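Line by line, the protein sequences are chains A and B.
Counted the way my numbering counts, the first sequence spans residues 1 to 363.
Counted the way my numbering counts, the second sequence spans residues 1 to 81.
Don't take each hint at face value.
Claimed, not checked - Simulated restraints on C-beta separations:
(1) Ala-18(A) <-> Ser-20(B): 34 to 42 Å
(2) Asp-3(B) <-> Gly-134(A): 38 to 46 Å
(3) Arg-304(A) <-> Ile-66(B): 26 to 34 Å
(4) Ala-59(B) <-> Ala-300(A): 15 to 23 Å
(5) Ile-66(B) <-> Pro-318(A): 44 to 52 Å
(6) His-244(A) <-> Gly-49(B): 16 to 24 Å
(7) Ala-240(A) <-> Leu-70(B): 43 to 51 Å
(8) Thr-19(B) <-> Ala-43(A): 42 to 50 Å
(9) Ile-47(B) <-> Pro-122(A): 46 to 54 Å
It should be emphasised that the hints constitute simulated quantities derived from the structure, not laboratory data.
Just so we're clear, the structure is a prediction, and the values are computed from it rather than from any experiment.
Ideal placement from N, C-alpha and C gives every residue a C-beta, glycine not left out.
Chain by chain, the residues:
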Amino acid sequence: MNGEEHRARLLEAEDEAAAIETLHQLGCTDGLPVLAPTEQRVARLVLASGLDGDLDLGVMGPAYGATTVEKVCACAVMAGCLPDHMPVVIAAVRALLDPRLDLTELQATTFGTTPLVLVNGPARELCGVASGFGALGPGPRANASIGRALRLAMINLGGGRAGISDMALLGHGGKFTAVLGEDEEGSPWPPLHVARGCARIDSAVTLVGVEAPHSVIFLPPGDDESMEQAAERLLATLAAALAHPGSNNRILRGGAAVVALNPDHVRLLDLAGFERRSAAERICELTTFPRAEMERWIPALRGRGDDETARLAAFRDPDDLLWVVAGGSGLYSAVFPSWCAGPHGNRAVTVSFDPAPSCEIPG
Amino acid sequence: MRDGIALARRGLPAVALVTSEFRAQADFVATAAGMPDLPRVVLPHPIAGTGRDNHRRVAEQFAERILAALTGGASDPAGAR
Chain A
1 MNGEEHRARL
11 LEAEDEAAAI
21 ETLHQLGCTD
31 GLPVLAPTEQ
41 RVARLVLASG
51 LDGDLDLGVM
61 GPAYGATTVE
71 KVCACAVMAG
81 CLPDHMPVVI
91 AAVRALLDPR
101 LDLTELQATT
111 FGTTPLVLVN
121 GPARELCGVA
131 SGFGALGPGP
141 RANASIGRAL
151 RLAMINLGGG
161 RAGISDMALL
171 GHGGKFTAVL
181 GEDEEGSPWP
191 PLHVARGCAR
201 IDSAVTLVGV
211 EAPHSVIFLP
221 PGDDESMEQA
231 AERLLATLAA
241 ALAHPGSNNR
251 ILRGGAAVVA
261 LNPDHVRLLD
271 LAGFERRSAA
281 ERICELTTFP
291 RAEMERWIPA
301 LRGRGDDETA
311 RLAAFRDPDD
321 LLWVVAGGSG
331 LYSAVFPSWC
341 AGPHGNRAVT
351 VSFDPAPSCE
361 IPG
Chain B
1 MRDGIALARR
11 GLPAVALVTS
21 EFRAQADFVA
31 TAAGMPDLPR
41 VVLPHPIAGT
51 GRDNHRRVAE
61 QFAERILAAL
71 TGGASDPAGA
81 R
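Could you build the full structure based on these sequences and the hints that come with them?
Encoded structure:
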């Protein structure tokens, strides 16, 4: 393929309102108004990315569209991104294109799933990514715009269109945007990117295809309950929400999942002596079920097992549970179950990056 | 569709079986993968989970068309309804 075929096509419109209508008609939007990606606006974000606009980052499925920096920046303009957001957007696109994420299959499946972007390190402050009350939105601009830029790339470069190539039976609100910073300062545990092999001073994005968040209520410890007993009750509640009989994690098994703990809940686990790894191991135990019980939910298992004492685990590795500390202080944490399918079985991908803009960006 | 495309790329006769609800997606994938004319036969939707008896009925109903498509005969062209 030569360079010309990679270049974005220019459309013409009388004014901004007409441009937006044209983009809606062409199926280039998420259904909401966008900012018109004019040459000047796109060039400004290319400059902020610190990369050559023609740089080819890969192909995005299921349309196998060439994913150049310029095209990603056009999506970022449409999404309302600021120059400061670009390092996160580019890093997240690199993660989207990592074959282990199985984006083609995630986009095409009938399951309602979207890549959730978890942001760690100094980039959170430099790019303004929120991690506290209401961080998943609506409201926080960087979270909203960065996630929307990815979705518009998945639509325009990856070709994900409802009922044609994105076969999600219903979809979910997080498919518009899903970006969350980790509240590293509010957590007694090492942050997620450190658990996944980065240095604490690194900035990193971790992407994993997930469902919409499920709220998990946890009432504070009772007078007759030790810290250890309360922590066990919290873990049992999270496990039940992750692996209920309608959850793919319970039925298809073997995928990843995200647990967004609020600062109170992670403090309780820490006081009771749990670390990321040991808490994940306990969740793995609590989400392993006797085969005989699983036959109730999976007809294909019936009458085919020799060993009725066998047990089936929702998670094959404690590292497949991604703990992130986020949200306000209170009663609620959240879990994000996953699809558990695709060639790699719904894995997470982490990409570290330099969060500082390469130069001052003219207004 | 992608399995069929992978087989066809290896020079093997291939026909993709697609249920009616996934017809548009099949056209999309075939075009995106550069094989818009890969033979395909459209089956009634749904097939999955409808039981062995129904699978047998559908197989008997469509076997000849599938064989014909495999040997270069008629199939359901892209975009047809």
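> For the pair His-244(A) and Gly-49(B), does the Cβ-Cβ distance stay inside 16 to 24 Å?
Replying inline: 21 Å Cβ-Cβ, so the 16 to 24 Å window holds.
> Is 34 to 42 Å a correct range for the gap between the Cβ atoms of Ala-18(A) and Ser-20(B)?
Replying inline: For Ser-20(B) against Ala-18(A), whose Cβ atoms are near 38 Å apart, the range 34 to 42 Å holds.
> Could one say that the CB atoms of Ala-240(A) and Leu-70(B) fall in the range 43 to 51 Å?
Replying inline: Given about 49 Å between the Cβ atoms, the range holds.
>> Taking 15 to 23 Å as the stated bounds, is the beta-carbon spacing between Ala-59(B) and Ala-300(A) within them?
In response: holds (19 Å)
>> Looking only at beta-carbon atoms, does the pair Ile-66(B), Pro-318(A) fall within the given range of 44 to 52 Å?
In response: Check passed, 46 Å falls within 44 to 52 Å.
> Regarding Ile-47(B) and Pro-122(A), is the given constraint of 46 to 54 Å on their beta-carbon distance met?
Replying inline: holds (51 Å)
> When you take the CB atoms of Thr-19(B) and Ala-43(A), is the distance between them in 42 to 50 Å?
Replying inline: holds (46 Å)
> Between Arg-304(A) and Ile-66(B), does the C-beta distance stay in 26 to 34 Å?
Replying inline: holds (29 Å)
> So does Asp-3(B) sit 38 to 46 Å from Gly-134(A), Cβ to Cβ?
Replying inline: holds (44 Å)
Checked against the numbered hints listed earlier, the structure breaks none of them; every hint is satisfied.
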